[in-house]
Amino acid sequence: MDMTLFSAAFVLYGAAAFLFLGYGLTRREALSQVANGGVLLGLLAHVAFLVVRTVAARHLPDHRWYVPWSGWFESLSFLAFVMAAQFAVIERRRMPILGAFVLPIVFASMVAALRSPGGTGIPSLPRGLESYWLAAHIPVMFISYAAFGHAFAVGLAFLLQERQLKSKHPSRISFRLPPLEELDRLILRIIAWGFPVLTVGLLLGGQWAHEAWGRYWAWDAKEIGAFVTWLVYLFYFIARIGGGWRGRKAAYLSVVGFVVVMITYMGVNHLSQMHGFLSEAPK
Amino acid sequence: MGLVVVGISHRTAPVELREHLAIPLAQLGAALEALARSGEARETVLLSTCNRVEIYIRPENNRDRAAVAASDFFERLYSHPDLRPALYRYESEEAVRHLFRVASGLDSMVIGESEILGQVKTAYLAARDKGTTGKITNVLFQRALFVGKQVRTRTNISEGSSSVGSVAVQLAERIFGSLHDRRVVLVGAGDMAETTARHLLSQKTGQIVVLNRTIEKAEALASALNGVAGPIESMFDELLTADIVICSTSADRPIITHDAAQAIMKARRGKALYFIDIGVPRNVDPDVHSIDNAFVYNVDDLKRIVEENMGRRREEVQEAEGFVSGLSGEFYEWVRAALEGRTVALRHGAEHLPAEASREN
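Those protein sequences? They're chains A and B, same order as listed. According to our numbering, the first sequence is numbered sequentially starting from 1. According to our numbering, the second sequence is numbered sequentially starting from 1.
Hints should not be assumed to be uniformly reliable.
Computed list of lysine-lysine pairs in DSS-like fashion (alpha-carbon distance at most 25 Å, straight line) [claimed, not checked]:
| hint | chain 1 | residue 1 | chain 2 | residue 2 |
| --- | --- | --- | --- | --- |
| 1 | A | Lys166 | A | Lys249 |
| 2 | B | Lys204 | B | Lys266 |
| 3 | B | Lys217 | A | Lys168 |
| 4 | B | Lys266 | A | Lys168 |
| 5 | B | Lys204 | B | Lys271 |
| 6 | B | Lys271 | A | Lys168 |
| 7 | B | Lys266 | A | Lys249 |
| 8 | B | Lys135 | A | Lys166 |
| 9 | B | Lys217 | B | Lys204 |
| 10 | B | Lys204 | B | Lys149 |
| 11 | B | Lys266 | B | Lys303 |
| 12 | A | Lys249 | A | Lys168 |
| 13 | B | Lys266 | A | Lys166 |
| 14 | B | Lys135 | B | Lys149 |
| 15 | B | Lys303 | A | Lys166 |
| 16 | B | Lys217 | A | Lys249 |
| 17 | B | Lys121 | B | Lys135 |
Per label pair, the in silico range of CB-to-CB distance [stated by the list, open to error]:
| hint | chain 1 | residue 1 | chain 2 | residue 2 | range |
| --- | --- | --- | --- | --- | --- |
| 18 | B | Arg183 | A | Phe237 | 20 to 28 Å |
| 19 | A | Phe227 | B | Gln262 | 29 to 37 Å |
| 20 | A | Gly37 | B | Pro281 | 49 to 57 Å |
| 21 | A | Arg93 | B | Lys217 | 30 to 38 Å |
| 22 | A | Gly243 | B | Arg183 | 21 to 29 Å |
| 23 | B | Thr241 | A | Phe237 | 54 to 62 Å |
| 24 | B | Gly326 | A | Gly119 | 52 to 60 Å |
| 25 | A | Ser171 | B | Gly322 | 20 to 28 Å |
| 26 | A | Leu25 | B | Ala34 | 50 to 58 Å |
| 27 | B | Phe236 | A | Tyr252 | 28 to 36 Å |
FYI, nobody ran anything at the bench for these hints, they're computed from the structure. Fair warning: this is a prediction, and the values are worked out from it, not measured in the lab. Glycine included, every Cβ here is placed at the ideal spot set by N, Cα and C.
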């Protein structure tokens, strides 16, 4: 049942991604409306998936604190969910063309979820981590990651528009994309939303680590990665607001920031002692 | 019975001939009355622009006699041996198709231009107010306005701007979005600068500042544009708060160098700045374009974009023509039915039209 719902969300996001790309190429407004509908239906299926899976899992032993973002599959699916939801809230009506940038990333995250090493089953919870902190720290972190993924997508749109205008041969693409300054402001707003969420997530993580392992911060690889991420976005704010980094350089930062997020999220698990649990296959 | 149009346009006559036939809006009423006096026209609409003068008639009883009345009307305006050969005449469905093509900008000098749509509307309203329209022409002209709008939204016939001034404005919108509250600084008070500034003003920009070496000229242009004037020496201060800068001085070397622009961008904390350089020789060092968030477009850049836009419009002509033909055929069915006393519904639905596309400017 839950996987049927996941598949529905998977197909709907995928269809929306292609429709948005088609919309970008053909200027058919109807395509963006259908694609927006696809995103909303996908979100509905996704919420149902999360609920059904949680209800089913909580009957299992040791899953009292289970939340549907515990393993690779679940966390990637959750990342896609939050990103699609942010798109629906922020751009669906005002700048549907950005769906051509955001939805492919949402869909890629869904594909990665299906192909994740741990499979799609309900994972067993790592020893010592069965607590309500799991329900708090991880989703908060993923909401911030989703915001940064979103800023990355808008950053790509910005760089494309900037290239168009610098080329002195603005093509149809330039007219499809939102104006440069609106994209710049949108990136700032999305990061201004993701950054405090990341900060809260790190604080929650510290508190959880204190309760579970007896210390707030251990300079574990994942923790370092998260800290670097935090520094990159802090630098973005300082440079964007204080240092006059607008335009291309600020957009590059939004791209680089998300690369650091991905390294922290995926790569570091293999190096991390304390946070490596995502790499384990479910028992 | 049916419909007939007799006219002259940029396709058949030079401006020297057309200018004698053009009828100013104020005299349109009298002209419509004169045509009505012929007794051959039951319904009449007179369309007069600088590129065409056309008389659309629903004949009282005979199409040929109505067409002759229209030709005679032109002859009375300006009798010249070149006139008769320059007149064209379309009847029935061809007349409908011609009006739809005109309203769509397909018969315009600049393909897809949208001014003609407003002119068709003005001509129709003038005739309606004069009481010379009727059952057929009312629906015909309303339909023509509808078709004109549809063609422009459903094909790319109007895509891209067709003049240097409007391309410059369109680029400003690609950078800033809404130009509301954007500060425009004119450096130099030339004619081209004024034209471009007027294009910007039509987008309701914020304040306009005119700087010029002779302050009197700056003041004259500033008052024409509802802006403020200043001495050229205050240019660098003005550039700190400007969004759009239109340069048109005749200085023999760039007045804005790369180094100066870099310092300005730094002082602006990287806020986007857009130079429209219509000075010859160029007023802004082309290298300024390579500075982050600074954009420089000179006259040649803008002209090239106009050329590209027109090329793109020409590619769309065939699709638009097919679209217009379909709709005029359908409309003429309605005319025939109406004349025979039957009713046929005119569809406003989109099912038989090309898919909808958005306007982008």
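Cross-check of the supplied hints:
1. A:Lys166 with A:Lys249: Holds. Lys166 (chain A) to Lys249 (chain A) sits at ~14 Å (cutoff 25 Å).
2. B:Lys204 with B:Lys266: 28 Å, violated
3. B:Lys217 with A:Lys168: Roughly 32 Å between the alpha carbons, so the hint for Lys217 (chain B) and Lys168 (chain A) is violated.
4. B:Lys266 with A:Lys168: 23 Å, holds
5. B:Lys204 with B:Lys271: 21 Å, holds
6. B:Lys271 with A:Lys168: Since the Cα atoms of Lys271 (chain B) and Lys168 (chain A) sit roughly 20 Å apart, the hinted pair holds (cutoff 25 Å).
7. B:Lys266 with A:Lys249: 14 Å, holds
8. B:Lys135 with A:Lys166: 54 Å, violated
9. B:Lys217 with B:Lys204: Holds. Lys217 (chain B) to Lys204 (chain B) sits at ~23 Å (cutoff 25 Å).
10. B:Lys204 with B:Lys149: 23 Å, holds
11. B:Lys266 with B:Lys303: Violated - the C-alpha atoms of Lys303 (chain B) and Lys266 (chain B) are around 30 Å apart, more than 25 Å.
12. A:Lys249 with A:Lys168: Holds: Lys249 (chain A) and Lys168 (chain A) sit about 20 Å apart, inside 25 Å.
13. B:Lys266 with A:Lys166: 19 Å, holds
14. B:Lys135 with B:Lys149: Holds - the C-alpha atoms of Lys149 (chain B) and Lys135 (chain B) are around 22 Å apart, at most 25 Å.
15. B:Lys303 with A:Lys166: 16 Å, holds
16. B:Lys217 with A:Lys249: 41 Å, violated
17. B:Lys121 with B:Lys135: 17 Å, holds
18. B:Arg183 with A:Phe237: 20 to 28 Å: 26 Å, holds
19. A:Phe227 with B:Gln262: 29 to 37 Å: About 35 Å separates the Cβ atoms of Phe227 (chain A) and Gln262 (chain B), which means 29 to 37 Å holds.
20. A:Gly37 with B:Pro281: 49 to 57 Å: 55 Å, holds
21. A:Arg93 with B:Lys217: 30 to 38 Å: Roughly 47 Å apart at Cβ, these two residues miss the hinted range, so it is violated.
22. A:Gly243 with B:Arg183: 21 to 29 Å: Taking Cβ atoms as reference, Gly243 (chain A) and Arg183 (chain B) lie about 23 Å apart, which means the hint holds.
23. B:Thr241 with A:Phe237: 54 to 62 Å: Given a distance of about 24 Å, which is not inside 54 to 62 Å, the answer is violated.
24. B:Gly326 with A:Gly119: 52 to 60 Å: Roughly 56 Å apart at Cβ, these two residues keep to the hinted range, so it holds.
25. A:Ser171 with B:Gly322: 20 to 28 Å: Between Ser171 (chain A) and Gly322 (chain B), where Cβ atoms are some 25 Å apart, the hint holds.
26. A:Leu25 with B:Ala34: 50 to 58 Å: 54 Å, holds
27. B:Phe236 with A:Tyr252: 28 to 36 Å: Check passed, 29 Å falls within 28 to 36 Å.
Taken one by one, the earlier hints fail for this structure at numbers 2, 3, 8, 11, 16, 21 and 23, listed in ascending order.
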